[in-house]
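Asks: Turn these sequences into a full structure, and let the hints steer you where they fit.
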Amino acid sequence: MKRLLITLCLAWLTLPATADLVIHKEKSLYRNIIVNQTAGKRCLVFSVKRELRNQTCIDTRDPDRIIFPYVKMTFAGLLANATPKRALMIGLGGGTISNVLIDVFPELEIDLVEVDRAVVKVAREYFDFVENERTQVHVVDGRVFTRRAVANGEKYDLIILDALTGEYIPEHLMTLEFMEEVASLLTDEGVVVSNTFEGSALYDYESATYEAAFGPFLNLKMPHTGNRVIVATRSTLPDNQTLTENARMLQPRFDKYDLVLEDYVARFDRTPDWNPGTRALTDQYSPANLLRSRTR
Amino acid sequence: MPSKEFLFNMTVFSLAFTSGFIIMSIELLGGRILAPYFGSSIYVWGSVITVFMVALSVGYLTGGHLSLHQPRLAKYGFFFLTAAVTAVPTILYGENMMDWVFMRIEDPRYGSLVAATLLFFIPTAILGMIAPYSVRLLVQETHYSGKVAGGLYFVSTLGSALGTLLTSFYLVLLFEINEILTTMATVLIVCFFIALITDRTLTPEDHR
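Those sequence lines, one after another, are chains C and Z. Under my numbering, the residue at position 73 of the first sequence is numbered 73, and the numbers go up by one with no gaps. Under my numbering, the residue at position 183 of the second sequence is numbered 479, and the numbers go up by one with no gaps.
Any given hint could turn out to be false.
Unchecked claim - A few chain C positions that, by computed beta-carbon distances, are all more than 12 Å from chain Z: (1) GLU26; (2) ARG148; (3) THR271.
Claimed, not checked - Output of the computed footprint for chain C on chain Z, the stretches with three or more beta carbons under 8 Å from beta carbons of chain C: (4) 397 to 407; (5) 431 to 445.
Claimed, not checked - Some chain C residues flagged as far from chain Z (calculated, every beta-carbon gap over 10 Å): (6) ASP20; (7) HIS24; (8) ARG61; (9) PHE68; (10) VAL104; (11) HIS172; (12) GLU211; (13) ALA212; (14) ARG248; (15) PRO252; (16) GLU262; (17) ASN275.
If you're looking for bench data, these hints aren't it; they were derived computationally from the structure. The structure displayed is predicted, hence computed values, not measured ones. Think of the CB as a built atom: it goes at the ideal place given N, C-alpha and C, for glycine as much as any other residue.
Replies: So, in structure tokens, the structure goes:
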């Protein structure tokens, strides 16, 4: 009995050291936002469900350390266009990707589109989101922004789609019509990099949609992460030699982020691995959230 | 053999159920239809719900007025036909209308409100006329008017609940939006013929 009591006391004493400390909590129009702090790690959490938690994390002791594989995978998209001058990013998160981009490309101008004002605020207050004369934040729905940008004849060298949170998919940002708008916003050398997931029936539909909009694309999956990054271009896809050359050219700028870009070249899959008969998602048919709850 | 009056009443209840089903199915698809132009934020739903509520209230008022003048099941059927016909431009030219609004109104809140009005106001208002007119067709004695109205709200709201559930759980997974809308319009036309035929065969003497 005594032993049990001591064990319980010890367990209780060690609890606060390992548990997440919630340093900010707010209910926005779109979701519950929580900022957690553990020893040296601060995370933005959109859902309280265990398996779908962190949107982004930073290492507060080493801010240049990129914690999440999908963030690193996003930068692999730069191998398809290593000299972007103007970028568009849909979905801000903690602003990590934007921070790295404006650091490694001193000339890059970037439009950041985030539908949730509260996410922008949290990125500023808790995630060292860097803003300067080269960044512009637009608090608006991604689809509304792209449609307006198409009407205004805007062009981007790099478009990053990072609006899927894992708990809810904005279905109007998954359709062929949206992808066609994105494609028409790209310059001739432009590249779109999309952060998404694998492991549900949605995989086939999403792949079919990207293929219908862009033709063949680069498919990047890392084992055990569940993450998937799609890299598509308006013109023909660069061959592996070009990807390698770009990786070597960019590498010195990414050394401090502990990221070896060339490793990704061999990981890009060019062969379709989805069910070839799958229909593309359209504005008329896009039950993405229902499909995501189904297994492949 | 059920009485003519029973069959007459059942027809009115069934048609009211169908209109309740279709109203909510279209309302739910409304948010989906507007999303590619105005996003899927809370204000888009605010626009859709506002337009449907205002349209229904106008419909209730008008339907009530129309029920004063020689109410007939055949006239009632024309609400269904007119709703179907006025939904056709939404199906065929919805995108053009939203494009037109999008290019003229920058703020997606007002854009979605105007677009929802253009797309859904008229067919919804006409569907709204069905409820009060149904009450008039069913009520024979003022003593029972509350009971009849209660039964009618019960049936048509249950239809709305089913329309919401089936559309959001299953129909969007099986069909394209325009396929669902076209089917709804076709069902409304079928309702028109049912009303017409029932009027010819079953209208009780005191309704003639």
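Asks: If a hint holds in the structure, say so; if it does not, say that too.
Replies: Consistency of the hints with the structure:
For C:GLU26, the non-interface assignment is confirmed: its Cβ lies about 16 Å from the closest Cβ of chain Z, beyond the 12 Å cut-off. For C:ARG148, the condition that its CB be more than 12 Å from all CB atoms of chain Z is violated, with the nearest at approximately 8 Å. Every CB of chain Z is more than 12 Å from the CB of C:THR271 (nearest about 29 Å), matching its label as outside the interface. Chain C is given as covering the segment 397 to 407 of chain Z, and this holds because 4 residues of the stretch bring a CB closer than 8 Å to a CB of that chain, at least three being needed.
Only when three residues or more bring their CB closer than 8 Å to a CB of chain C does the claim for the segment 431 to 445 of chain Z stand; here the count is 0, and the claim is violated. At roughly 29 Å, the least C-beta separation between C:ASP20 and chain Z is larger than 10 Å, which holds for a residue marked as non-interface. Chain Z leaves C:HIS24 outside its interface by the beta-carbon criterion, the shortest separation being 22 Å against a cut-off of 10 Å. The claim that C:ARG61 lies off the interface holds: its Cβ sits roughly 37 Å from the closest Cβ of chain Z, which is beyond the 10 Å cut-off.
C:PHE68, annotated as away from the interface, keeps every beta carbon of chain Z farther than 10 Å; the closest lies near 26 Å. Distance check for C:VAL104 against chain Z: the nearest CB is about 31 Å away, which clears 10 Å, and the non-interface claim stands. A Cβ of chain Z approaches the Cβ of C:HIS172 within 10 Å, the least distance being about 4 Å, so the stated non-interface status is violated. Listed as a non-interface residue, C:GLU211 keeps its Cβ farther than 10 Å from every Cβ of chain Z; the least gap is roughly 20 Å.
C:ALA212, annotated as away from the interface, keeps every beta carbon of chain Z farther than 10 Å; the closest lies near 15 Å. For C:ARG248, the non-interface assignment is confirmed: its Cβ lies about 41 Å from the closest Cβ of chain Z, beyond the 10 Å cut-off. C:PRO252, annotated as away from the interface, keeps every beta carbon of chain Z farther than 10 Å; the closest lies near 40 Å. A cut-off of 10 Å between C-beta atoms confirms that C:GLU262 is not in contact with chain Z; the least separation is 39 Å.
The Cβ of C:ASN275 sits about 17 Å from the closest Cβ of chain Z, beyond the 10 Å cut-off, so the non-interface label holds.
In this structure, the earlier hints numbered 2, 5, 11 are contradicted, and the remaining ones agree with it.
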